[in-house]
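S.K.: Each chain is listed here by its residues.
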Amino acid sequence: MSTIVNRRDLDFLMYETHKLEQLLETDRYGDYDRESIEAILDLSQSLAEDIFQPFAGHLDQNEPKYVDGKVEIIPEVKEALNAYKEAGLFASGYDYDMGGMQLPWVVHQVLSSMFVTANTSVSNYIFLTQGATNMLNTCGSEELKAKYMPNMVAGDWYGTMCLSEPQAGSSLADIRTKAEPQDDGSYKITGTKMWISGGDHEMTDNIVHMVLAKIPGGPAGVKGISLFLVPKHRVNDDGTIGEPNNIALAGLNHKMGHKGTTNCLLNFGESGDTIGYLVGGENQGLANMFHMMNEARIAVGMAATVIGLGGYLYSLDYARNRPQGRHLTNKDPESPMVMISEHADVKRMLMTQKAFVEGAQSLMLYSARLLDQQATAKTEEEKTHATLLLELLTPICKSWPSEFCLEANKLAIQVLGGYGYTREYPVERYYRDNRLNHIHEGTHAVHGLDIMGRKVRIADGAALKALAKEIMATIGEASEHSELSGYCKDLGAAMQSVQSTLESVSKAKDPSLALANATIFLDAMGHVVIAWMWLKQAVAATKGQEDGKASDAAFYRGKLSACRFFFRYELPKALSKFDLVASLDDTCFNLEAEDFIGH
Amino acid sequence: MKVLVPVKRVIDAYVSIRVKSDGSGVDTDNVKMSLNPFCEIALEEAIRLKEAGTATEVVLVSVGSADIETVMRSGLAMGADRAIRVDADNDVEPLAIAKILKHVVETEEAGLVITGKQSIDGDNNQTGQMLSALLGWSQATFASEVVLEGDSAKVTREIDGGLETVAIPMPAVITTDLRLNEPRYPTLPNIMKAKKKPLDVIALADTGVDAAKRQTITNVSPPEARSAGVMVGSVAELVDKLKNEAKVI
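Going line by line, the protein sequences match chains V and L. Note that numbering that gives the first Met the number 0 has the first sequence beginning at 0, numbered continuously upward. Note that numbering that gives the first Met the number 0 has the second sequence beginning at 0, numbered continuously upward.
You can take every hint at face value.
Calculated cross-link-like contacts (lysine-lysine; reagent style BS3-like; alpha-carbon spacing at most 27 Å): (1) L:Lys196 - V:Lys84; (2) V:Lys84 - L:Lys192; (3) V:Lys548 - L:Lys19; (4) V:Lys18 - V:Lys464.
A few chain L residues facing chain V, derived, Cβ under 10 Å: (5) Ser15; (6) Asp26; (7) Asn29; (8) Val30; (9) Lys31; (10) Ser33; (11) Glu68; (12) Tyr184; (13) Pro185; (14) Leu187; (15) Pro188; (16) Asn189; (17) Ile190; (18) Met191; (19) Ala193; (20) Lys194.
A short list of chain L residues far from chain V (calculated; beta carbon distances all over 10 Å): (21) Leu48; (22) Asp159; (23) Val165; (24) Asp239.
Think of the hints as simulated: they come from the structure by calculation, not from any bench. Being a predicted model, the structure only gives us computed values, none of them experimental. Don't be surprised by glycine CBs; every beta carbon is placed ideally from N, CA and C.
With the rest of the complex left out, here is chain L (with noise of 0.2 Å):
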């Protein structure tokens, strides 16, 4: 079984970000980038299901120009056979994307897709339900434990109120959450063979999808700045203030 593990880049999660000063969206200009972690717990996942025997090749995949292929090798480091790039802008839209990957998915003849719940950056939460709708495979979102059986899966998720866990019949896509697993580092050795694995690049045109934006960002701005504290001198100050400024009590 081939599993298709799509990915993104991300600004890295330990970078502070910063807004553009016109307001029409976030500094990338020398910020790191990676790759989005949710991500690389899926592919940390599809590794150890073909260190299982259970899949036969992990492929990676992605769309966004040429200056993605930097964080894909990495993601080749970490052990994905192969990798494809869909030629397009770095933003195109999860309906989008979810279409584009609909077409890998069925050139490729994968027969699991194993993704990220969400990226860091969008916070969308929306490309692998779109993909599994797409193709008509069933669905399991948040999972922090997968075991593929046969034609099923059974897939513990994460909910509000807890864990729950369900069974769907194959092929599927899965979007994976952080306590799923821990990604492992790269190796040395590894990261100079990633180097030498095929990363094909496809044509946006060649998926036939139109990736035209449907949504316009109207402005960006960074949460208020936290001000200074002040010293209250007695508790009945400090109950004042709850009450009449700040108004929490």
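So that you can see chain V by itself, here it is in the shape it has in the complex (with noise of 0.2 Å):
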């Protein structure tokens, strides 16, 4: 079996339960029927575990290393990558006019993420490339366009993303780095930028970095960022590359996880003049990168949620073949040993997993499907709600896989014992890879805040009411089926408690201690919708197994037992959450930093 992807599970989510075909009948997308997908899906598939998954360990032990300046990495990074281009996987995602195969959304993450689980190290200098030149592309000028973008949507060159400085993380309106305009229209970037993905290597000809700095002069705070593209090497008006551009590998950073992944400390302008140009208007920059966030958050969270499948499927598979000890109730030391999918425990395990990954993955979906809803919709009231619906949705996106799948990394470790705790098997560099998506993209604290600070609130809570409606729209067909009653019940009564959550909350008179615990209240209202998917997921079973082939009947079931394990299981844990909200305990807030430790 693979280990990177259940294509049965991934053709259930597209097609059965969200629908994809509808899709496929728009303009934009009606070049792409469910067998050009599908040989598409077995092309990527093929490429993943052929030559991504075989060197993903060896890349995990071999770090790249930083020798005279330079990044020394090992070659088949770059083997890998140029096959990914040669397959011509680059361009999937980007419109016809900018080169592209214009692939809906949702296909292009199904795809991109089956080398994820692969090979998280070398999917992100992909990853972050295409999010590089998506930002190009909507913000800047034709001249700039069509200077770097072909290079970049072939995957000649690469792109980065340059925000983070050492004294500025999450608080981006304390950036220092400084663009000082040149009488040519260009910037002279000066300054020092820190966690810079795929920052500096060898692999390209070239690394297109879009930088957020400051032009002297500008406002204060966030309002004064600009964006800047900052090429490692210089072009010549033809088109040929030039001197370099002067930016130096400072250091690399030793990480936990993703360590095929050279995450760099860059200094520019230190050796000689770094040259920038800019991308959108001046003091524009926090918007223009915001552009691309629902994407980048999505994609961060079907990477959080497919290296959780990695593990799932990994330790499924060891699980079935593992012999090890016997029921509780045979006591015969000379009978054979059981596989260990066969103890209850285990099965908790294994369930867990499986309805996290395969609850998130369904949330994936729908929102990368919102994006191609976007960019298809035919009103404007259409519109409006698909993008209503993905700011609400995009801090659970990024967050929810982050914290569970997460989790089901760790059970996947547990299934395999010991074993599990050896870089003999890949789920210990699952865990390591998974952590970081926890971090980086917004913190979970930062979606927290998003989410009950702003996304509840725009528009006098048109997003929540935009959510309520597509819940209420399932619940609808799932009260056809009896089976499923308890559920919609269930699931209604939750989202109540979000709403009643939100007016306690509201009365509180210090707007601080409001969102104190809003952490808490992101990882709740995941559940809620979470618990939604699941139950999307029972409607589309349930029919499945009324029309469904004999063949089919074991994987519907186990869709129904997961979605009855969520609302068991899980569900009742966020409604104690929201308690807890509601209730705005201070417990937290109200210490002070001396009273951890006594001084």
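Hints given; two lone chains; assemble the complex.
M.R.: In structure tokens:
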């Protein structure tokens, strides 16, 4: 069995649950049909399994080295990225007018995710390049696009995002990198950027950095941030590579996971002029950066989900083949041992992984499909509805899998026991790789503040109303099947808890106290959304059972069990969290720093 | 020179096979199907001949129902120029397939046939040889290297004792072994282009071949499952078991 993807589940989610066919009827995606999508996913799976997956462990144990100001990295990385490029996959998600293949975003996400599971560290170079390219396409001038984009779309040049600095991570208002205007319209960039993934290496002819910097004399704080394109090598007017642009690799960070992705400290303009070009208007940097935020955050959530999936599939395969112990009621030591998948607690751990991973995957596909709906909406109303849902769901997409698919990775290690804790098996690497997703692309806390402080309130609560409407529609569908009625009631009640919690919190006199437990709210709200996703899947599975084939019986049974599991074992946890948040508990909020250890 | 590449759709090589409970055959319900790996190698060789300028056109041909077209499209995505499907049941026997292919070779006026040495489902290893006999063409089977030199072909064959190189006059039927080449992956743009490449359908009746079955499958059963091992207490016990239970020494 594949340990990076469950194609039956993908088909179930894409077609039976989220009705991808409807999207393929639109003009924008009319070139694609189920057969061509299957062929594209076949190609992706083959490349991911044959070329990316085999050296993931080797790369993890041989991280890039800093040698004389340059990066040394094992050759397999470039070979894999070249294979990806040769297959034309770099361009899969871009529009035709950018030179891309205009795949539905949801399919682009699915194919990209196979490479994440197979070899997360290598997939990052692709993801970062695509992010930078999309940003340039959305905000850049025609001149800049013509000069840089074709090479980025083709995967010949890579891209990065340079936001953080050593002293300014989550707090971008405090960045110090400077951009001084030059007579020719370009800017001289000086400063230091930290945590730059893919920030330097010798695998491509050029690296295109998208850099946040401040133009002297501009407004203070985030309002004075602008976005610049800063190439590693300058590019001549005829498109050839020119002289180096004086971006010095000051060092590599040594991380817990994602070890094959270089993570750099970069100095701009230290040993000579570093030239940058304004992307979008002056002081519009943060707004421009946020243009691609929904896509980027859903992609991070997708990565967290499929790293969870990798652990789930590996531990499942292991549990079905590892004999150990006997049934509790069997006292005969001479009898053969049973596979550990027979033990009740191993079943619980496997089911927890399944419920978290497949629940999250459903949300990722649903949200990626909303991005497609934005692009294909026939009416303004339809587009607004998709946009509102995306605004509200994006923090959950990014955060819930980062928290709970990491938990899945923890359980995958547990299923393997001591073996899972060793480097001989990939599950400990999955755990280390997934741990990042909690931190980057906005920390868990930042998303808690985002959803509770902003998203539930936008347009007078319109986003929350849009979500409630969708959830009620699913409850309506589910209530046609009597065996699902209990879930309908529970989900309806949970949605009520969301509303009443927000009402209670809105009465707080101190806005800081109101948001003090925002992270708890984020997790609980995520549980409600994932419960909704499980009810959606249960409806699809029930329909599938009615007109399904015998060979699908176990698959649908598993889906219904996972739905039952999530509603019994997990959703109640959200309700107690809502109670806590609604009570405006100030236990943590009122602590003084010295209270922790007495001085 | 036109190269004809007969291919077969089979259960994907990585799928674990399930036998139907009534013993009537292998369960293909919800099972991933792919191009037969040996046929993929044949197609790769033909595409390389075209890239080298030796072949002018690569035509894929297969016999079966509309179900097999998906797999044929994947051959077009690899680089075949067009495809022909002879509309028939999916379980036509090798001799009838060879007769049908003879018809297609003649109507297409192909100058070379390259196909897999066998399909990984039936393991018959017959179609290529039968086709060459029916056409009166030379044959070179189990090829691990093919060099075309004007009116003849030099083919290295994998045989039990090692490698054998034969020179055969063209036209010829060549069947491929595993080590001939490593088939390429398709590309995303080529998958989309393949949708627009011609895939013609010929009725079985138009080939004039009687594809009626001449064999009956009486039973299909899975290999016996491996039973769990036992721990032996001593070397003596092991030797005893090997001698008296397993009867291997």
